[in-house]
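Engineer: Each residue of the sequence shown is one higher than the one before, starting from 2 at the first, in the numbering used here.
Hints in this document: simulated from the structure, not taken from any laboratory. Please note that a few of the clues may not be correct.
Said to hold, decoys possible - Computed beta-carbon distance windows for the label pairs:
#: 1; residue 1: Thr212; residue 2: Ile320; range: 52 to 58 Å
#: 2; residue 1: Pro224; residue 2: Arg56; range: 32 to 38 Å
#: 3; residue 1: Leu112; residue 2: Glu271; range: 48 to 54 Å
#: 4; residue 1: Ala49; residue 2: Arg192; range: 16 to 22 Å
#: 5; residue 1: Arg347; residue 2: Ala7; range: 53 to 59 Å
#: 6; residue 1: Glu48; residue 2: Glu214; range: 55 to 61 Å
#: 7; residue 1: Glu155; residue 2: Asp279; range: 29 to 35 Å
#: 8; residue 1: Arg251; residue 2: Arg18; range: 17 to 23 Å
#: 9; residue 1: Lys221; residue 2: Glu271; range: 21 to 27 Å
#: 10; residue 1: Tyr122; residue 2: Glu74; range: 24 to 30 Å
#: 11; residue 1: Asp238; residue 2: Thr187; range: 50 to 56 Å
#: 12; residue 1: Leu225; residue 2: Glu316; range: 20 to 26 Å
Heads up, the beta-carbon is just placed ideally off N, CA and C, and yes, glycines get one too.
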Amino acid sequence: MKSLRAPLLVWYDTHRRDLPWRTAAGAAPDPYRIWLSEVMLQQTRVEAVRPYFARWIEMFPTLESLAAADHDEVMKAWEGLGYYSRARNLHRAVREVNDRYGGQVPDDPALFRALPGVGRYTGGAVLSIAFGQQEPVVDGNVRRVFARLTNQPEPKERDLWEMAEALVVGERPGDLNQALMELGATVCLPRSPRCSACPVSDGCAARAAGTQEQRPLPRKARPLPHEQTATAVVVHDGVALMARRPESGRLGGMWEFPGSVRAAGESTAEAAVRAVLDGVGVSVAAGEPLGSVDHIFTHVRVTYEAILCTLLSGEPSPILYERARWIPISRIGELALPRAQQRIARMI
2 MKSLRAPLLV WYDTHRRDLP WRTAAGAAPD PYRIWLSEVM LQQTRVEAVR PYFARWIEMF
62 PTLESLAAAD HDEVMKAWEG LGYYSRARNL HRAVREVNDR YGGQVPDDPA LFRALPGVGR
122 YTGGAVLSIA FGQQEPVVDG NVRRVFARLT NQPEPKERDL WEMAEALVVG ERPGDLNQAL
182 MELGATVCLP RSPRCSACPV SDGCAARAAG TQEQRPLPRK ARPLPHEQTA TAVVVHDGVA
242 LMARRPESGR LGGMWEFPGS VRAAGESTAE AAVRAVLDGV GVSVAAGEPL GSVDHIFTHV
302 RVTYEAILCT LLSGEPSPIL YERARWIPIS RIGELALPRA QQRIARMI
């Protein structure tokens, strides 16, 4: 493994992509920007992250500005990027850094990894890239590179991390980690890998065996459970009833039209009326269906069945939600809404 370091670094110096969060040669790395980019890049393609990163840095150019930001402001900035727990955890972690460490991202591995949302990968990436520490990283790209280098169809996580630990020891650990990830993202592709452009192809066991297209073996996809969620669009005198979900759980901290998973034998209308009464303490009557929206989460497929409702009685109170309020229909778009809820809002 150690023999791969030199060709990887030479290749990276020549072929590294110009990304907005990367530090220019000779400049001091910004731990906040590096940390932000690594959080955004989890489960998300580079090209999708670019505009979000640029917009975020405009709104929150420093760690201190993010720490001082309002929760809804942060969630609105993340709107559309998905996996919203990333934004919640980052905001909590940044506030902790601001309060406990004077706004300086801790370079102590134990302290940094103790922050909300910082796992083994994020810790390794930030500590190596921002602080030059010999900390390994393993993401999907690195997993694929190592599986092909060793010709392992189903490499074990422990073995992958051991390989990464061995390889990162030496000069420029942050660049070495980025080189591995860059190689997987641009050359050692899942399909049709560009082996002729690979700086370490001579030492690749899968290429020698002609099995690079089969390494690693794809993980078997399990069928997703299907939830049908009744969504109550309660409109009254030019305003709509909106509620903010609890911090924990799916879509935590985001705003939505009140809704609930339909129980067995329950109609959409019945579930919508129940959702509003149980969730925000308001009595409504169900009216005409507005349409449905399908959305796939990591572990579940959800069909949101939107139904127009009219107010009967009561003032909204957050029973199952964090907040509940009437919002002018023209201003719903100012809230931090998941994509499915944005589509429902356009049905009004």
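Engineer: Within 32 to 38 Å: is that where the Cβ-Cβ distance between Pro224 and Arg56 falls?
Structural biologist: Because 36 Å falls inside the window, the suggested range holds.
Engineer: Given the hint of 50 to 56 Å, check if Asp238 and Thr187 actually sit that far apart at their C-beta atoms.
Structural biologist: Since the Cβ atoms of Asp238 and Thr187 sit about 55 Å apart, the hinted range of 50 to 56 Å holds.
Engineer: Using the Cβ atoms, figure out if Leu112 sits within 48 to 54 Å of Glu271.
Structural biologist: Hint holds: Cβ distance 51 Å, inside 48 to 54 Å.
Engineer: Go ahead and decide if the range 16 to 22 Å is satisfied by the Cβ distance of Ala49 to Arg192.
Structural biologist: With a Cβ separation near 19 Å, Ala49 and Arg192 satisfy 16 to 22 Å, so the hint holds.
Engineer: Range first: 55 to 61 Å. Now tell me if the beta carbons of Glu48 and Glu214 are that far apart.
Structural biologist: violated (24 Å)
Engineer: Quick one: are Leu225 and Glu316 within 20 to 26 Å, going by C-beta?
Structural biologist: Taking Cβ atoms as reference, Leu225 and Glu316 lie about 38 Å apart, which means the hint is violated.
Engineer: Mind checking the hinted window 29 to 35 Å against the Cβ distance between Glu155 and Asp279?
Structural biologist: violated (45 Å)
Engineer: Against the range 17 to 23 Å, how does the distance between the Cβ atoms of Arg251 and Arg18 compare: consistent or not?
Structural biologist: violated (33 Å)
Engineer: Check the following: the C-beta atoms of Arg347 and Ala7 are separated by a distance inside 53 to 59 Å.
Structural biologist: The hinted range 53 to 59 Å holds for Arg347 and Ala7, with Cβ atoms some 55 Å apart.
Engineer: So the hint says 24 to 30 Å: do the beta-carbon atoms of Tyr122 and Glu74 match that?
Structural biologist: Check passed, 27 Å falls within 24 to 30 Å.
Engineer: Lys221 and Glu271, beta-carbon distance inside 21 to 27 Å?
Structural biologist: violated (38 Å)
Engineer: Holds or violated: the 52 to 58 Å window for the beta-carbon distance between Thr212 and Ile320?
Structural biologist: Given a distance of about 57 Å, which is inside 52 to 58 Å, the answer is holds.
Checked against the numbered hints listed earlier, the structure breaks hints 6, 7, 8, 9, 12; every other hint is satisfied.
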